[in-house]
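There are 2 protein chains.
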Amino acid sequence: MPVGTLGTVKGLFPDQLRAVGTQKLLANTYHLALRPGAEVVEELGGLHRFMDWDGPILTDSGGFQVFSLAGLRDIDDERVVFKSHIDGSILELTPARAIEIQQQLGADCIMCLDECPPADAPIEQIAEAVRRTTLWAQLCRDTQARDDQALFGIVQGGIDQSQREKSADKLVPLDFPGYAIGGLSVGESPTEMYRTLDHTTPHLPSEKPRYLMGVGRPEDLVESVLRGIDLFDCVMPTRNGRNATAFTSTGRVKMRNRKHMRDDAPLDPACECPACTRYCRGYLRHMFIAGEMLGPILLSLHNIAFYHRTMSDLRVAILEGRADSFRSECLAAWESE
Amino acid sequence: MPVGTLGTVKGLFPDQLRAVGTQKLLANTYHLALRPGAEVVEELGGLHRFMDWDGPILTDSGGFQVFSLAGLRDIDDERVVFKSHIDGSILELTPARAIEIQQQLGADCIMCLDECPPADAPIEQIAEAVRRTTLWAQLCRDTQARDDQALFGIVQGGIDQSQREKSADKLVPLDFPGYAIGGLSVGESPTEMYRTLDHTTPHLPSEKPRYLMGVGRPEDLVESVLRGIDLFDCVMPTRNGRNATAFTSTGRVKMRNRKHMRDDAPLDPACECPACTRYCRGYLRHMFIAGEMLGPILLSLHNIAFYHRTMSDLRVAILEGRADSFRSECLAAWESE
Numbered sequence: 032m033p034v035g036t037l038g039t040v041k042g043l044f045p046d047q048l049r050a051v052g053t054q055k056l057l058a059n060t061y062h063l064a065l066r067p068g069a070e071v072v073e074e075l076g077g078l079h080r081f082m083d084w085d086g087p088i089l090t091d092s093g094g095f096q097v098f099s100l101a102g103l104r105d106i107d108d109e110r111v112v113f114k115s116h117i118d119g120s121i122l123e124l125t126p127a128r129a130i131e132i133q134q135q136l137g138a139d140c141i142m143c144l145d146e147c148p149p150a151d152a153p154i155e156q157i158a159e160a161v162r163r164t165t166l167w168a169q170l171c172r173d174t175q176a177r178d179d180q181a182l183f184g185i186v187q188g189g190i191d192q193s194q195r196e197k198s199a200d201k202l203v204p205l206d207f208p209g210y211a212i213g214g215l216s217v218g219e220s221p222t223e224m225y226r227t228l229d230h231t232t233p234h235l236p237s238e239k240p241r242y243l244m245g246v247g248r249p250e251d252l253v254e255s256v257l258r259g260i261d262l263f264d265c266v267m268p269t270r271n272g273r274n275a276t277a278f279t280s281t282g283r284v285k286m287r288n289r290k291h292m293r294d295d296a297p298l299d300p301a302c303e304c305p306a307c308t309r310y311c312r313g314y315l316r317h318m319f320i321a322g323e324m325l326g327p328i329l330l331s332l333h334n335i336a337f338y339h340r341t342m343s344d345l346r347v348a349i350l351e352g353r354a355d356s357f358r359s360e361c362l363a364a365w366e367s368e
Numbered sequence: 032m033p034v035g036t037l038g039t040v041k042g043l044f045p046d047q048l049r050a051v052g053t054q055k056l057l058a059n060t061y062h063l064a065l066r067p068g069a070e071v072v073e074e075l076g077g078l079h080r081f082m083d084w085d086g087p088i089l090t091d092s093g094g095f096q097v098f099s100l101a102g103l104r105d106i107d108d109e110r111v112v113f114k115s116h117i118d119g120s121i122l123e124l125t126p127a128r129a130i131e132i133q134q135q136l137g138a139d140c141i142m143c144l145d146e147c148p149p150a151d152a153p154i155e156q157i158a159e160a161v162r163r164t165t166l167w168a169q170l171c172r173d174t175q176a177r178d179d180q181a182l183f184g185i186v187q188g189g190i191d192q193s194q195r196e197k198s199a200d201k202l203v204p205l206d207f208p209g210y211a212i213g214g215l216s217v218g219e220s221p222t223e224m225y226r227t228l229d230h231t232t233p234h235l236p237s238e239k240p241r242y243l244m245g246v247g248r249p250e251d252l253v254e255s256v257l258r259g260i261d262l263f264d265c266v267m268p269t270r271n272g273r274n275a276t277a278f279t280s281t282g283r284v285k286m287r288n289r290k291h292m293r294d295d296a297p298l299d300p301a302c303e304c305p306a307c308t309r310y311c312r313g314y315l316r317h318m319f320i321a322g323e324m325l326g327p328i329l330l331s332l333h334n335i336a337f338y339h340r341t342m343s344d345l346r347v348a349i350l351e352g353r354a355d356s357f358r359s360e361c362l363a364a365w366e367s368e
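Top to bottom, those sequences are chains A and B.
Heads up: the first sequence begins at 32 in my numbering, then just goes up one per residue.
Heads up: the second sequence begins at 32 in my numbering, then just goes up one per residue.
These aren't lab readings, by the way, just hints derived from the structure by calculation.
Among the hints, erroneous ones may be present.
[Said to hold, decoys possible] Simulated coverage check for chain B against chain A, where a stretch passes if three residues somewhere in it have a Cβ under 8 Å from a Cβ of chain A:
#, stretch
1, 32-44
2, 66-76
3, 146-155
4, 292-305
5, 322-334
Positions of the beta carbon are idealized from the N, C-alpha and C atoms, including for glycine.
Could you put the whole structure together from the sequences, leaning on the hints where they help?
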């Protein structure tokens, strides 16, 4: 899922996303609740109408930004108190309120409020977060009133095997239509993340979607799919694209590099996106050097296309029983630029 | 002609421009000569290939930016010396070099180097600029080597009737395929500009295109067409769009205004552009308040669509013999928002 934080994947039209293979978008509850406000989005017809996207949308609970961005002020079993990153005002979020806001926004998939501790939190804090996340999952389940939204439970537990197992085992009886794995890609190593997935996904029902939140690099997606993950969101393709870094079939390309100045070759001959089929590297570099919007737009679109194509190719490889060799080929190829 | 200064109409794809009616684009020789360099554009296949626009392109001579932006250092009949606005380096431009650069860029319509004095210049400076512009027009004509580019002469003369007549009468014998009127919209009043057009266009052949450079507001375009102008370029639709001002069939709309926050009406129900058919005013405002790229993109596209529609409607009105009433209706309607 490309990330459309504020109801827009930065710089891109919905039809451009469709054309490169986007099926589902993510939007951020925290950001939309602050601007323009969930009730404004509701009044203007809900997120789909608001942002002109008629495909599925997933919203997070807002919790992650409360912990990472807003500056947590206080937390207990009832609510989290935090400071808005926009104007510093003191706000609070409860499990019920997180669901109500997401009902106002009107996404197709919504998330329980969870507690997401940092990667280096002591085990007591991890355990407490698992306890509270489990409690809140039940409260969110009880609050949900709309029957046209799929509410996902979120597994926490840091990189601790027994806490992950405990968290998953407590959530599964609540019979959510899908399960998210939160609290990863928050500072731990890729190896720790993969090992944690190895411990966690077997505890989640295989017939329901498993969503790894906020991940990640192309290699993380491949490794995670092979460990049972179905769904991802990450700002990496768009944020890197805006910052002039392209993911290509031969590795990462820094588009501002002077070596591209007179290069009339496409960014990635293997890619069918507008950046690769309509423009040469020299033009893409010029857009970034001149500070033109079309640079970030084109590279965002390209990177999203690259992510979708990687997932699509991986799906075929799995169906054809050659997933492991596909992984090896990707990892080797992505080192070569 | 929407303005694609650096080889891109800021934030927009060529197919988006086509879809709202763009037929021809302008690009700025001065800017492209500094970044990425005319020889780079040539090496990468010329402007059309470089910016992926297969329709006509017009380039200016670079002279206007030398006078307005770069800080003129010295001028004589041979050349202008100026300081780059990018890195302060000292550069020079000659009539021959202006043509050579435009031949490297490869636009369909190219411009003679002219001297463009400020609106408040004394009559002696205006007369001197006309003399030099005439001299340079001949030098440019003599330099031109490509036969697939239409070289336009440029009429100068400030707002002085006899200088304008003199400038036009000196250029017409050179038999350019088109004539531009420069040195307007540089500080004089609309009334002075219209009166100058009244004096100038009768001296230019009616069977060749007349191009009013750097103009202007929608009302300026209507008034100028009715005075014999065929072609315009202006940053106004895109620059205003980026700054959250929309031109609509009921007048200018400031998109950041709080009154739009919960407004689910389209920006302009009379407009068929993506901003008006896919989004409500509340969403457009949200994009600007949140600092999202899609705001400038959508309003640029809308304003270009508005300009094209105005010209298209005016053409029909002329053909149907109701140009004067069309003008009155426009001027009245554009006051009402």
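Review point. Tell me, which hint numbers fail for this structure?
Key: Of the numbered hints, just 3 does not hold.
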